[in-house]
Amino acid sequence: MVTARRSAWVPHAVLIAGLMLVLFPIYVAFVASSHELSDILEAPMSLVPGSHLVANFAEALTAGTAKTSGVPVTAMLLNSLVMALVIAAGKILISLPSAYAVVFFRFPLRRVCFWAIFVTLMLPVEVRIIPTYKIVADLSLIDTYGGLTLPLVASATATLLFRQFFLTIPDELVEAAKIDGAGPWRFLIDTVIPLSRTNIAALFVILFIYGWNQYLWPLLVTNSPRMTTIVIGIRQMIGNGDTQTEWHIVMATALLAIMPPVLVVLLMQRWFVRGLVEAEK
Amino acid sequence: MERRVVFSGWVCPAVLLTPQLLVTIVFFFWPAGQAVLQSLRGGDAFGLATRFVGTDNFSRLFADPDYLASFGITAFFSFAVALLALAPGLLLAVMADRVVKGAAFYKTVLLMPYAIAPAIAGVLWMFLFNPTIGVLAAGLRAGGIEWNYLLDGYQAMGLVILAAAWKQISYNFLFFLAGLQAIPLSLIEASAIDGASPRRRFWTIIFPLLAPTSFFLIVVNIVYAFFDTFGVIHNVTQGGPAKATEILVYKVWYDGIVGLDLGGSAAQSVVLMAIVIGLTAVQFRFIERRVHYA
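Protein chains in written order, with the numbering used here: chain D, 206 to 486; chain X, 17 to 310.
Everything labelled a hint here was simulated from the structure, so no lab data went into it.
Using N, Cα and C, we set each Cβ at its ideal position, and we do this for glycine too.
Errors might be hidden in some of the hints.
Unchecked claim - On the chain X side, residues computed to face chain D include the following (Cβ under 10 Å):
id: 1; residue: 35
id: 2; residue: 69
id: 3; residue: 112
id: 4; residue: 126
id: 5; residue: 127
id: 6; residue: 130
id: 7; residue: 149
id: 8; residue: 152
id: 9; residue: 153
id: 10; residue: 161
id: 11; residue: 164
id: 12; residue: 167
id: 13; residue: 196
id: 14; residue: 247
id: 15; residue: 269
Stated by the list, open to error - Ranges of calculated distance between the beta carbons of each label pair, as one might list FRET restraints:
id: 16; chain 1: D; residue 1: 217; chain 2: X; residue 2: 168; range: 54 to 64 Å
id: 17; chain 1: D; residue 1: 313; chain 2: X; residue 2: 72; range: 53 to 63 Å
id: 18; chain 1: X; residue 1: 82; chain 2: D; residue 2: 311; range: 28 to 38 Å
id: 19; chain 1: D; residue 1: 243; chain 2: X; residue 2: 293; range: 46 to 56 Å
id: 20; chain 1: X; residue 1: 121; chain 2: D; residue 2: 317; range: 25 to 35 Å
id: 21; chain 1: D; residue 1: 449; chain 2: X; residue 2: 38; range: 46 to 56 Å
id: 22; chain 1: X; residue 1: 174; chain 2: D; residue 2: 311; range: 31 to 41 Å
id: 23; chain 1: X; residue 1: 168; chain 2: D; residue 2: 350; range: 18 to 28 Å
id: 24; chain 1: D; residue 1: 373; chain 2: X; residue 2: 224; range: 22 to 32 Å
id: 25; chain 1: D; residue 1: 311; chain 2: X; residue 2: 52; range: 27 to 37 Å
id: 26; chain 1: X; residue 1: 116; chain 2: D; residue 2: 259; range: 53 to 63 Å
id: 27; chain 1: D; residue 1: 224; chain 2: X; residue 2: 276; range: 43 to 53 Å
id: 28; chain 1: D; residue 1: 235; chain 2: X; residue 2: 211; range: 44 to 54 Å
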């Protein structure tokens, strides 16, 4: 064995330093969300948790802050949840069939269709924001869930992953299905979709996080406070000098914004790690 | 790679492809085309009409010292973020690969920042370094450093780099760990038998074998720093102070949405598209190489 030798404590020491680097900002946010504002402003704030955790979270969830025109964080969480779910489900629902068509059929313009979809990988929404905004405005989708999600659904990551997976399905399975008289629809529903279950789970995790954490696009396309997502909402809670930022509420909101995607990653770690490493290959 | 056995007919694939093609055309090709057209047009002083101005927007862009400065800022920012996210990612992956006890726990915690939005990472670090109430800012001040990132451009740059890199360490850790675990143990054992120290084994065996992973991650990290960090900048510095942290993506947004210079902003979009296509091409070359060696 080459491992487990003299200085076994070095890796642990480095890893613990890594854990502290990762956890420290989150811990400080947690401590701040458990204090009253006056405790935070009495700099430097104590790093021992205070006693207002429940009160602060309750205030964030039900009332928000004065700066966000009283939109409670519950509403923002709901918007974020809808956005993340629609983006994740939407991408999977449109890309599984199109990958199936590209892999299991020969038809005219097949390559053109594949490249037309594939090229979207190259241009993230960030580089075409203003023209996309104009089109969404022309379709009167500003301040709607459709406008929030559809432009982000138009991307090929999921299509590419499904295509790679479908290429590994043995030809014998297709032949067997054909001999049994199964058509393309039957084969899709009875064989391909059940085989893709873990891939779908992995993609769902990655796309949920991608959707939840969107920033630039929701910032542009939502004007009404009622459509604000939580990641955007936090920015609006932070003052620019004229009024005191309610940091205890801001930090509670930050933790609320972090929790859903972190929970998804922790609970579905196996699929997530696999999906991430596969998706980027 | 192609399949041998396939279904025939074109109606079925057409039906299956329609939703994705439709969304792609409406929300991708149409706006991308508009961006290119828009970049060749300019508005009159009253914003009432636009006319074809050819490459004026581009020559104006590259004559603008602010834009060139933004290029420099973006290059520095991306390089620093990539370096600061890659080095700890690699170090932690090497260490996590060596431990047996607690490996799963370390991995789980180190993955957490991946799930955190860059914008939120920005808020967390901004709170730590807030000039008046930040816990770490107080520490810096106690150490005799005049800390105020709202006034000092270098400090602002340091803060956004830190926040952006922190979030990306997870991703690099995960890929380096996967890369390390793919290295055959027999190679490492052979060199250990030959008497190579752990340090020597790392630099002569492990690090070269990680090269494909590293190249891939460098490109991914630069793309991340270019495009996904808008939320960090917008939350922490708004491109300031005095445009010290105005990266290209922030400038596209600012000039187009706040400054209402649609032609100039579209020209910037086109330049960004060219950069992404270039980076993607580089990435594909390395992926090809990796397939070749595998």
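- Okay, residue 121/X versus residue 317/D on CB: inside 25 to 35 Å? violated, 49 Å
- Task: Please verify that hint: residue 161/X, Cβ, nearest Cβ of chain D, below 10 Å or not.
- Result: violated, 15 Å
- Should the hint that residue 313/D and residue 72/X are 53 to 63 Å apart at their CB atoms be regarded as holding? The hint (53 to 63 Å, Cβ to Cβ) is violated, given that residue 313/D and residue 72/X are roughly 41 Å apart.
- Does the Cβ-Cβ separation between residue 224/D and residue 276/X fall within 43 to 53 Å? Check passed, 47 Å falls within 43 to 53 Å.
- Query: Going by Cβ atoms only, is residue 126/X closer than 10 Å to chain D?
  - Reply: Constraint on residue 126/X satisfied, holds at 6 Å.
- Range hint 54 to 64 Å (beta carbons of residue 217/D and residue 168/X) holds or violated: Between residue 217/D and residue 168/X, where Cβ atoms are some 37 Å apart, the hint is violated.
- Query: Does the interface hint hold: is residue 130/X within less than 10 Å of chain D, judged Cβ to Cβ?
  - Reply: holds, 7 Å
- Message: Taking 27 to 37 Å as the stated bounds, is the beta-carbon spacing between residue 311/D and residue 52/X within them?
- Response: About 33 Å separates the Cβ atoms of residue 311/D and residue 52/X, which means 27 to 37 Å holds.
- Task: Return holds or violated for the Cβ distance of residue 235/D and residue 211/X against the range 44 to 54 Å.
- Result: holds, 49 Å
- Item | Residue hint residue 35/X, partner chain D, criterion CB-CB below 10 Å | holds, 4 Å
- Tell me if residue 167/X is really an interface residue toward chain D, meaning its C-beta lies closer than 10 Å to one of theirs. With Cβ-Cβ at 13 Å, over 10 Å, it is violated.
- Taking 10 Å as the limit, does the beta-carbon of residue 149/X come near enough to a beta-carbon in chain D? Constraint on residue 149/X satisfied, holds at 4 Å.
In this structure, the hints that do not hold are numbers 2, 10, 11, 12, 13, 16, 17, 18, 20, 22, 23 and 26, in rising order.
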